[in-house]
Amino acid sequence: MKAAGPVELGEGKSSAPRAGVNRGMAILDFILRILAFIGTLASAISMATTNETLPFFTQFIRFRAEYNDLPTFTFFVVANGVVSAYLLFSLPFSIFNIVRSKAQNIRILLIILDTAMLGLLTAGASAAAAIVYLAHRGNVRTNWFAICQQYNSFCERISGSLIGSFIGVVLLMLLILLSAVALSRHK
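Taking this note's numbering, the leading residue of the sequence shown gets 7, the next gets one more, and so forth.
The set of hints was computed from the structure by calculation and includes no laboratory data. No residue lacks a Cβ here, since even glycine has one placed at the ideal position from N, Cα and C. Hints are supplied without guarantee of correctness; some may be wrong.
Stated by the list, open to error - DEER-style ranges, computed between Cβ atoms: (1) L94 - T55: 43 to 49 Å; (2) L119 - R191: 16 to 22 Å; (3) R147 - T121: 25 to 31 Å; (4) N149 - I114: 46 to 52 Å.
Claimed, not checked - Each computed SDA-like pair below joins lysine to any residue, with the alpha-carbon atoms no more than 20 Å apart: (5) K108 - T55; (6) K108 - L184; (7) K108 - S190; (8) K108 - V27; (9) K108 - R163; (10) K108 - L97; (11) K108 - I33.
Could you build all of it, start to finish, from the sequences and the hints given here?
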């Protein structure tokens, strides 16, 4: 009696290697989601806990810089929080794609939601990047002074927070591309 091997699917393609590649892509999807979750959550926490106080002439008069002094930074924190919550809640769907690598409806749903979250995260990170640029460089024409010479710790934290958010943007783009490739392989 002959041992059963992979089932042939026409044009010499077998189902076993294709299923293995699909499962590998689903595992990569899961890992990228975890990394994006960590990046966006760290960005939200880092920005939300950023503040610095500088003494002015006396110890009773102080200048304080906080993230919520600028609505753009508040939007940044909310956007990163929403995206990190979405990424956390999308992990079970990603696990479902690992178990059932041929499921297409879940991948289509994830592509749509990933694209919406990419737009939200890009908007928040881009708006915050403009403010961070002004904080570092200022604008001589409008008499906006660079505050990072005085608020070093504040500027370092908001800049670091931006890096984590833009890493999340790149990872979401990779997730969308990965899901699109996985869907195109189901033909």
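Going back to the hint list, which numbers does this structure go against? Violated: hints 1, 3, 5, 9.
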